[in-house]
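Kindly generate the complete structure, drawing on both the sequences and the hints.
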Amino acid sequence: MASRKDVQDIMGLPAGDNAVKSAALRRPKALPAQKRVTGINREILALHGDRAPPISIVDSKKTYRGKLHRDYRPSKWERRAFINPARTDGLVLRHWQQRKAPKPTNDAMDVDGQTVEGQDPDQPEESKFAKYNVEVTVPTYDDATYDQYLQSEDWSKEETDYMLNLVQEYNQRWPVIIDRYDFPKSNSSPKRSRNSDALARPQDRDMDDAEESGGRTLEDIKARYYDIYAKTMSISTGGPFNMNEAEFQLHEMLMKYDPETERTRKNLAWMLCKRPAEEVREEEYLLSELQRIMMTAQRFEAERAEVRQRLEPVNALGSAAGTTAAATASSYTALNQLYTQLATQDRNRKARHRLSLASTDLANSPAMPSAGLATPTTATGHRDSIGGSGTKKGAAPPPQPVRQLSPRDEARFGVTTHERLQSGVSFRTDKVVKLRQAKSQIQTQKIGAALTELGVPELISLPTARVVEAFEGLVQRVIKLIESRKVVEKEENEVRVQAALHKELVPGDKEGTEAPEGEATGEKEKEKENGNKTEAEGGMEAPPAVGGGEEIRPPSSKGNAHKRSASVLSAASAASSKRSRKR
Amino acid sequence: MSTPNQFTVPNATEYGGDEVSAIVLDPGYSTTRAGFAGEDVPKSVVPTYYGVLNKSENEVELLFGENSLHNPVPSLEIRNPLLSDCSEDWVEDWETASKLWEYSITSRLAGRRSTDPKNNGLNDPNDDAMDVDVDAMDDAEKALEDNPLLMTEPSRTSSKTRERAIETAIEGWGVPAFWLGRSGVLAAFSAGKSNALVVDVGASTTTVTPVIDGMLLKKGVRVSPLAGNFVSQQIRLMFASSQTPVSLTPHYMVLSKAPVEVGQPSQAVYRKFAKPPTESFRRWEEERVLTEFKESVVQLWGESGRLSNGVPLSLSEDFFKDKSKRIFEMPDGWNQDFTLDSVRPAEGLFDEKAALVDSDHPRPQPEHTIPNLIKSALGSCDTEVRPLLMNNVVVVGAGSLTQYFVKRLEQELVAMYAGPRVRIYASGNTVERKYASWIGGSILGSLGTFHQMWISKKEYEEHGANIVEKRCK
Ligand SMILES: Nc1ncnc2c1ncn2[C@@H]1O[C@H](COP(=O)(O)OP(=O)(O)O)[C@@H](O)[C@H]1O
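For the record, the sequence lines run as chains R and V.
Counting along the first sequence from 1, when you hit position 310 you're at 310 in the UniProt record's numbering, and nothing is skipped either side.
Counting along the second sequence from 1, when you hit position 293 you're at 293 in the UniProt record's numbering, and nothing is skipped either side.
Among the hints, a few may not be true.
[To be verified] List of simulated lysine to aspartate or glutamate pairs, DMTMM-like, C-alpha gap at most 25 Å:
#1 K218/V - E494/R
#2 K256/R - D161/R
#3 K222/R - E384/V
#4 K375/V - D161/R
#5 K375/V - E169/R
#6 K157/R - E169/R
#7 K266/R - D213/V
#8 K458/V - E125/R
#9 K76/R - E384/V
[What the hints assert, rightly or not] Not close to chain R: a few residues of chain V, all C-beta gaps over 10 Å, as computed:
#10 E59
#11 T278
#12 E295
#13 C381
#14 R423
#15 Q452
#16 S456
#17 K458
[What the hints assert, rightly or not] Just a few of them, taken from the derived set where beta-carbon distance is under 10 Å, the chain V residues facing chain R:
#18 D213
#19 R326
#20 G448
#21 I455
Don't read these hints as lab results, they were simulated from the structure.
Glycine included, every Cβ here is placed at the ideal spot set by N, Cα and C.
Put into structure tokens, the structure is as follows:
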């Protein structure tokens, strides 16, 4: 292909100055042109399409790399001088730091001879680690104070000073202090050169004896230090009474330090560490043995307890609970306790035959009292009725209750036994309503009337088993009463008819009336029989109600009798309701 | 944030590093370690041995650095400036020691500033140039004027040596700030502990150092000579006393060798020397072989049951059967199975009765065995801190790299103190074990809170060398 130069040649254009220009022109154009990838087949390259190849294709022919391109400017670091304010000598050290914004300074500083040829005109900055230079405070005193308060028989003032210095120097690191403690005056034993001493030291020499710090033990030093601390503190604050809480506690603690106990404690601890391996092994063995024994004992105990549970009659439990109940006013807790006790027992022998009347029964009891406490009486009544009937049903299956409850307990826990039970759940309230119903409407009304007359409410608020029982008896008697009243009425009518007949017959006998009389007497006989029967029954059951026999009883007397029984009933029901609430 | 006082602890996040290009120097008996604080490992590890070369009648050249010490040059003496016994004056020849230490720093770390790169020794391609004649530097600028120096010292030193150390550093090297740390304490720091019982098995000494709250308990420090060099000596004795005496031939003597069967005499061709190298050179080269032997063969008896007189019982021989064999080949090709003997050289560290003896090397004293060192060290600490120390036993030093060392130590300690829980912390990383005290110094020297601990040149000038006693407690 013809180059530009050829074209220029052909067209006779001057090449010289244009060549320069064209080069200048060409350069910016060449830049945007995509970098050609060389060293790879064009066809293969075409397969990639527009996307970047999955591996980077490097031109292997190129011998040197282009300049590395970064899209950030590397931050400038400099070796900057700094001082540490914790030092007193103003030592200037240098470390590498990112350069801050340049700060014009003109005074060439010269802190001291330490300055290491500072090219950096900046004032050396302060080290951020200086703040960790902390010192402990040890008590200080002047001579007068020492003479007055702090004198001690076996501590000279010099040694005390020395000790305090050491404590400060080593920041109260006691093991180090005792290690470095070497106060010459009290060190009566000639100091051995440590060199030969350590080499020729008999191996067991210092296993047990006290430290050799001039005869001072760590406990001695501590005791002295704490004593001084406490005393100076007390002096500076003006006695223990002027101290604040923390100070006082510290003071107390310092005062209580007893070197002797400390020493014995440490020695004991070390004795424990020093035991020979056999002893340690023996202890380990004994411990594991002990654990084993404990476990066996526990298991044995548990087995025994279960056997005892099974053999022991429930009486003991029941009576125990009973006495507790008697002792404490609230039987609730006692009962609950008993319940949980029994429940756990029950759980323990889940797999076995479920025999406990008591526990099933009791299973209901915690619900009952809680409801009784929380809700009004009516609700309690319902609960009770539910619980009660549930009890009866639930308790049915075992034909022979294994545990014999005393009658008292039976009453207490509402345990009842039945020959035979109907299946399903029935409510006592239903039963109460049913009792009121008779075959005929009139009869029902009559019963209702009689009951209202007696003051028995339409709805019995607390139909406990006993209340219902009493109610049932009452209704039966009411029915009997109504029946006998009917008979009485009939008889009276008969009597009246016969009397009228008789009146007629005595002045002049008429045959026409005979037949009705015979009928009437026949009826009367029948009635009489009936009445006798009922009377006999009634008399057996409730003498006061049927006491009158054939006599015409005034309604008032009847009412009285009934009232009495009603009151008895109500009293009973009140008592039972009270009891149930108590539970 | 409230200002801290003596009752509050700073937040964990508030501790921080703040590096001031401090140099940490850890001079051991076998090697001297140096490097910048804040780094993981010392950049410069040079042997503490140096060579003395008599060039002419009154010209003596000192050679430093691994590269210049292994040429079998006649009249090259190899020496060590440190004392190998356990005395408080641990440096024998301060002058050379300071040159050696300076070399360890300047050869790789902080050269003389602004000197011509042509003659600061760093860029010279020649190996031998590493041992620049340090004397020439004296009149030059002080080598370390830019870097604070943290130096370690053995746990028990006399105050004379400590003063000498600060003198050397500040006056000799011109460091702006100096601090002297106990190697035991720093080793505890390297394990991340401020309470520890450090057991350091080095080359010349084994040191037991109790550390409480980052402070040395001076009275608890115990030092014994039963360490790496002792084990080397034991190996020599073992070689000498075996039925077929083992000849310890250093590498430099062997020109070429041919493989031989186990136990067969070597068929090496030896080098001929017109004037053989000195005895000290030979010993130094032998030591190299022995270290190899220690690394690959020597192990400690870590099973239950004592060794009888250093030899495993017949029962124990069974034990070795199913372990891999320990065959060691000498530089001259002679090789042997050392499986049974491998437990003998190091046993003396724990049981003086098992140590091999001859007329020159008497039986070590019983209180120098490691268990007794620990026992005695604990005995002189406050009773209350003993369980704490037992709970933090830190094992460092290259000598502790002997196989099963830690296992054996644990057995011994548990047998001794069954009551407190004995817990041994030994890094599994050999570098961390070898350079523990250097690493501890590196950590310490890079802490921001450490800045106030330095003894500055000014303080030194004001108070004199004695200040080191007060500040580096
Ligand atoms: N892997 C190893 N196993 C046993 N000993 C070793 C091992 N590596 C080095 N040593 C020995 O450890 C000693 C060096 O220990 P080191 O802690 O460096 O001492 P120092 O601190 O005194 O210089 C030398 O005697 C060397 O032989």
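(request) Would you mind confirming whether the straight-line C-alpha gap from K256/R to D161/R stays at or under 25 Å? (result) holds (23 Å)
(request) Tell me if R326/V is really an interface residue toward chain R, meaning its C-beta lies closer than 10 Å to one of theirs. (result) Violated - the Cβ of R326/V stays beyond 10 Å from chain R, reaching only about 32 Å at its closest.
(message) What's the verdict on K218/V and E494/R, does the C-alpha distance respect the 25 Å limit or exceed it?
(response) violated (136 Å)
(request) Using 10 Å as the Cβ threshold, decide whether G448/V counts as touching chain R. (result) holds (4 Å)
(message) For K375/V and D161/R, compute the direct alpha-carbon distance and say whether it is at most 25 Å.
(response) Measuring from Cα to Cα gives roughly 34 Å; hence the hint is violated.
(message) A cut-off of 10 Å on Cβ-Cβ distance, and E59/V was said to be off the interface with chain R. Does that hold?
(response) Non-interface label on E59/V holds, nearest chain R Cβ at 36 Å vs cutoff 10 Å.
(request) Grab the minimum beta-carbon distance between R423/V and chain R and tell me whether it stays above 10 Å. (result) Correct as stated: the minimum Cβ-Cβ distance to chain R is 14 Å, above 10 Å.
(request) Mind checking the alpha carbons of K266/R and D213/V for me, to see if they're no more than 25 Å apart? (result) Holds - the C-alpha atoms of D213/V and K266/R are around 20 Å apart, at most 25 Å.
(request) Could you let me know if the closest chain R CB is still more than 10 Å away from the CB of C381/V? (result) violated (7 Å)
(message) Please check whether the beta-carbon of E295/V is more than 10 Å away from every beta-carbon in chain R.
(response) holds (29 Å)
(message) Run the distance test for K458/V versus E125/R: straight-line Cα separation, threshold 25 Å.
(response) The hint holds at about 19 Å.
(message) Beyond 10 Å on every Cβ pair: is that true for S456/V relative to chain R?
(response) About 4 Å separates S456/V from the closest Cβ of chain R, which leaves it inside 10 Å; violated.
The structure does not agree with the numbered hints 1, 4, 5, 9, 13, 15, 16, 17, 19 stated previously, though it agrees with the rest.
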